[in-house]
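Let the sequences and hints guide you as you build the complete structure.
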Amino acid sequence: MEHISVLLAECIEYLNIRPDGIYVDGTLGLGGHSEAILEKLPCGRLIGIDRDEKALAFAGERLKRFGDHVTLVKGNFADIEDILTSLNIEKVNGMLFDLGVSSPQLDDTSRGFSYNKDAPLDMRMDGSAALTAYEVVNTWPEEELRRILWQYGEERYSSRIAAAIVSYRSKRKIQSTGELVEIIRGAMPPPALREKQHPAKRSFQAIRIAVNDELGSLERMLQQAENRLAPGGRLLVISFQSLEDRMVKQAIHARENGCTCPRDFPICVCGFVQTMKSVTKKPVIPSQEEVEANPRARSAHLRIAERI
2 MEHISVLLAE CIEYLNIRPD GIYVDGTLGL GGHSEAILEK LPCGRLIGID RDEKALAFAG
62 ERLKRFGDHV TLVKGNFADI EDILTSLNIE KVNGMLFDLG VSSPQLDDTS RGFSYNKDAP
122 LDMRMDGSAA LTAYEVVNTW PEEELRRILW QYGEERYSSR IAAAIVSYRS KRKIQSTGEL
182 VEIIRGAMPP PALREKQHPA KRSFQAIRIA VNDELGSLER MLQQAENRLA PGGRLLVISF
242 QSLEDRMVKQ AIHARENGCT CPRDFPICVC GFVQTMKSVT KKPVIPSQEE VEANPRARSA
302 HLRIAERI
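Okay, so the sequence shown: first residue is 2 according to this note's numbering, each after it adds one.
None of these hints come from the bench; they were simulated from the model.
For glycine and all other residues, C-beta sits at the position ideal for the given N, C-alpha and C.
A few of these clues could be false.
To be verified - Quick list of the computed label-pair ranges, beta carbon to beta carbon:
{"#": "1", "residue 1": "V270", "residue 2": "Q224", "range": "18 to 28 Å"}
{"#": "2", "residue 1": "D119", "residue 2": "C271", "range": "17 to 27 Å"}
{"#": "3", "residue 1": "S171", "residue 2": "N17", "range": "50 to 60 Å"}
{"#": "4", "residue 1": "S168", "residue 2": "T276", "range": "47 to 57 Å"}
{"#": "5", "residue 1": "P296", "residue 2": "C269", "range": "25 to 35 Å"}
Claimed, not checked - Calculated lysine-lysine pairs in the PhoX-like style (CA-CA distance at most 20 Å, straight line):
{"#": "6", "residue 1": "K282", "residue 2": "K250"}
{"#": "7", "residue 1": "K65", "residue 2": "K41"}
{"#": "8", "residue 1": "K41", "residue 2": "K118"}
{"#": "9", "residue 1": "K202", "residue 2": "K118"}
{"#": "10", "residue 1": "K92", "residue 2": "K41"}
{"#": "11", "residue 1": "K65", "residue 2": "K55"}
{"#": "12", "residue 1": "K250", "residue 2": "K283"}
{"#": "13", "residue 1": "K197", "residue 2": "K118"}
{"#": "14", "residue 1": "K92", "residue 2": "K278"}
{"#": "15", "residue 1": "K75", "residue 2": "K55"}
{"#": "16", "residue 1": "K41", "residue 2": "K55"}
{"#": "17", "residue 1": "K250", "residue 2": "K278"}
Structure below.
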């Protein structure tokens with residue numbers, strides 16, 4: 002399946018691109034967002050970051066026509082400050098982070114991201130990383146499995162699924178995504194299996210997040226981003242599940258409305274200094290036309306904040 006960049010027009014609009022600015026695409030993927038940004042940067046620069054070697058190689062070919070206006074870096078967006086320091090960049094005019102898994106990653110059987118295809122239990126964004134989904138499902142304690150299924154996947158049958166995984170692996174190792182899907186399916190009650198959503202969707206999401214430390218990376222990125230945005234620079238984050246969107250919303254709110262003084266105080270005495278402001282009151286979501294053209298965009302939420 003061809004990868005279509007989510008909320009592309011909206012991202013370009015809200016980045017408020019300066020022709021001579023410096024921008025970061027912290028989740029480069031196949032370079033769709035980056036390409037659109039670079040077309041607005043006749044004398045600026047874009048830094049594209051990704052953990053996936055295949056994505057970097059593909060995007061490198063796609064973006065090579067922009068020459069030295071683009072710099073690609075293999076890395077984790079959680080290390081944004083170190084990456085920018087290594088490039089001698091102090092401040093940037095905008096940052097974009099798309100937290101979704103790309104269509105090629107989902108469709109590549111060898112990656113093990115999809116619950117619709119039988120594949121090795123991998124799920125690594127960075128193929129050189131040590132931790133795989135195989136290690137998670139075959140070695141992590143039952144309580145830890147239950148925790149990540151509940152916390153990262155918001156799976157209401159987390160206890161039943163964790164117990165089923167541990168029971169199955171006590172007899173033989175779980176080798177593939179297909180085996181894992183059947184274990185999950187067997188642990189769920191009949192009413193859950195009749196739901197429209199695939200029974201393994203939330204569990205696969207949770208395991209992927211755990212393998213790649215996605216929430217930890219997101220938290221570190223949000224802590225660092227404001228330090229590297231120039232005044233007026235914008236932070237854009239596209240999330241695809243409620244937990245990530247809530248983290249982004251809360252991070253922006255804390256930097257916008259973090260005063261802890263009682264409402265009746267005439268002035269702030271807690272020391273809070275506002276560093277960010279929301280650009281939109283609510284997250285931007287895809288149009289019906291975009292969802293029809295790209296069903297994987299359905300759950301996307303784009304939040305935008307501006308550095309004060």
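Hints, one by one, checked against the model:
At about 25 Å, the CB distance of V270 to Q224 agrees with the hint of 18 to 28 Å. Here the CB-CB span from D119 to C271 is close to 55 Å, at odds with the stated 17 to 27 Å. Checked against the hint of 50 to 60 Å, the C-beta distance between S171 and N17 comes to roughly 56 Å, which is consistent with it. For the pair S168 and T276, the beta carbons lie near 49 Å from each other, so the given range of 47 to 57 Å is met.
Roughly 46 Å separates the CB atoms of P296 and C269, a value that falls outside the hinted 25 to 35 Å. Distance check on the hinted pair: K282 and K250 sit about 10 Å apart at the alpha-carbon level, within 20 Å; holds. With a C-alpha separation of about 16 Å, the suggested pairing of K65 with K41 holds against the 20 Å cut-off. Under the criterion of a C-alpha separation no larger than 20 Å, the hint pairing K41 with K118 is inconsistent with the structure, at around 39 Å.
About 13 Å separates the Cα atoms of K202 and K118, which keeps this hinted pair within 20 Å; it holds. A hinted pair counts as satisfied when its Cα atoms are at most 20 Å apart, and K92 with K41 qualifies at roughly 19 Å. Annotation: proposed proximity of K65 to K55 holds, straight-line Cα distance about 15 Å (limit 20 Å). At roughly 10 Å between alpha-carbon atoms, K250 and K283 fall within 20 Å of each other, so this suggested pair holds.
At most 20 Å may separate the alpha-carbon atoms for a hinted pair to count; K197 and K118 meet this at roughly 18 Å. Taken as a hint, the K92 and K278 pair is honoured in the structure, with Cα atoms around 18 Å apart against an allowance of 20 Å. Annotation: proposed proximity of K75 to K55 holds, straight-line Cα distance about 10 Å (limit 20 Å). At most 20 Å may separate the alpha-carbon atoms for a hinted pair to count; K41 and K55 exceed this at roughly 26 Å.
For the hint pairing K250 with K278, the CA-to-CA distance comes to about 11 Å; that is within 20 Å, so the pair holds.
Going down the numbered hints, you'll see the structure goes against 2, 5, 8 and 16, while the others check out.
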